[in-house]
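Start from the sequences and build out the full structure, keeping to the hints where you can.
Top to bottom, those sequences are chains A and B. When you line the first sequence up against our numbering, it's residues 1 to 107, in that order. When you line the second sequence up against our numbering, it's residues 108 to 609, in that order.
Where hints are given, some of them may not hold.
As the list claims (entries may be wrong) - Going by beta-carbon spacing under 10 angstroms, a handful of chain A positions derived as facing chain B:
no., residue
1, Val-29
2, Arg-53
3, Ala-96
4, Glu-97
It is worth saying that the hints were derived from the structure and are not from the lab. Model, not experiment: these values are computed from the prediction. Beta carbons: idealized from backbone N, C-alpha and C, even for Gly.
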Amino acid sequence: MEALLALIIGVLTACGVYLALRGRTFPVVLGLTFLSYAVNLFLFAMGRLAIGRPPIITEAAAAYIDPLPQALVLTAIVIGFAMTAFVIMLALKARAELGSDHVDGRE
Amino acid sequence: MNAHLAIAPVLLPLLAGIVLLLMRHVDLRVRRVLSVAAVVMEIGLSLALVTAVADGDILVYALGNWPAPYGIVLVADRLSAWLMLTTALLALFALLYALRGIDASGRHFHVFFQLQLFGLAGAFLTGDLFNLFVFFEVLLLASYGLLLHGGGRLRTRAGLHYVVLNLTGSTLFLFAVGTLYGVLGTLNMADLARQVAAAPAENVPLVRAAGLLLFGVFALKAALMPLHLWLPAAYAQASAPVAALFAIMTKVGAYSILRVDTLIFGDGAGSLAGLLTPWLLPLALATLAIGTLGAVASRGLRAQVAYLVVASAGSLLTAFGLASAEGIAAGLYYLPHTTFAAAAAFLIADAIAARRGELADRLDPGPTLPGNRVLGGLFFVIAVAIAGLPPLSGFWGKFLLLRAALDHAWLAGVMATVLVAGLLTLIALARSGSLLFYRSHGHAPTSAGNGALLAELAPIAGLLLLVGALTVAAGPAVGYVEATASQLLQPYQYIHAVLKGG
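As structure tokens, this is what we get:
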């Protein structure tokens, strides 16, 4: 499971970096989104991977999973949403004002 | 009151921002009064904070009364209080300049302004690495709004670059934070310092990677070479009061580098002690050189000032990079000086550009400016302050920096770079000044009345008075920053204050 998750994070990051380095705003926004997905999964994995363990103390549970990374991921997701919405609006504004969707405003 | 002093400067701008947002349909004059009143109260709180920590106390505020390292803490020590005071004073004059109409050229200026202060205060006062990330995001979101305030093609383009770069930086920050949590199991900075010192050998490379990743992110914020390229475009395109407020933004990066370097990777960190030391000084000197060369080569006054901000970040981090108490003290004395001087320079560049019609801030000979004596006099004083000539505080900052470098292995490099950069800054500003004020002919197409001129220049004069105050009160100020430096180099005080229960 660790290898699979590491592979997913790696592929997402590689795609994100490649797209973020493109010249047009749409791939750049997609690239930033991929990067934020990768980092969310990465943060989640930092609490160690386990199945069927509760994050909250109960009388029945024999073992627990660290709840803190889940809280961190939640915060990061919320911030990521806001930032993605903002950067999309900004890209649209730039497209309208500069007359081109190139990140430098010209071909 | 004292118990809540550490959180009050964070809450006040947040509340002011929310109230201003709710009052968005109320008359602009009411909102202006409210915004200025909030900043004045923020100055009062910062002064109270400086007084409270001046004798070495470290105020710790545990949110929800959960003890560290399980709860989130706000920590105010001498360093945090010093930066809070600088921020609040700067904000007042930037805001006063904006009241002349710039705040009405777009929506929600005052809301963004207060939220920017909220983010800055939080970043300076938080004792938790993840909350540092959150406050970075708060101040960045507010800065996006402020940077784009007023609109315009060039501003939108500069804003797009700035936003994309900072979003990438935030992602890297999260990777670093995640790695540190995964390896060390904590994000409280005092607890991190303890855990780094006790890290087993097999974890050291991971912690080193995370630490250097953090350094990269902070270097992006501080505009350290080669991550400085975003700054000149963004700052030169921002409206004047926003650019003036942004003079503190590179200092947030410098603050974070200093905090992480002394607290987490300080002398007590075992094999990871001095993690950033081999990188900081060479990069800072290169930043100083590049920033100065950019200022010499600039074809516009605002771009020139923006490059001088890069150079000042270089000087500041050179001082921190000396990694001695004297060096840190020199940097901390230089920090408010360079912040106020750069902000004044952005404001005067705007006042000059507004009087030159189509030429704006381009460095070409133009018409004689209305009120050129007053403008020229102020420009001269600002240039003296930025170039670090006596008698203003820039000179004392550079003097302290060079004195701190005397017994450093890199003495020759530091001396040569700082002195040559000072000379080139002087040449660049003298050339701009003579071009703008002496090689002029004819009269400007528009002439503003003298009353408007005085109202416009009052905030600039106010910033210069702060520089003057820093010069006159150099004794107590240097005493305070030396105490700050010695407090920073004894991180166990901070750790003990935060983790007193554990």
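A closest beta-carbon separation below 10 angstroms is what the hint needs, so does Val-29/A meet it against chain B?
Check passed: Cβ of Val-29/A comes within 8 angstroms of chain B, closer than 10 angstroms.
Restraint outcome when Ala-96/A is required to lie within 10 angstroms of chain B by C-beta distance:
holds (9 angstroms)
Is the shortest C-beta separation between Arg-53/A and chain B less than 10 angstroms?
violated (17 angstroms)
Measuring from the C-beta of Glu-97/A to each C-beta in chain B, is the shortest one below 10 angstroms?
holds (5 angstroms)
Hint compliance for this structure: hint 2 is the single one not met.
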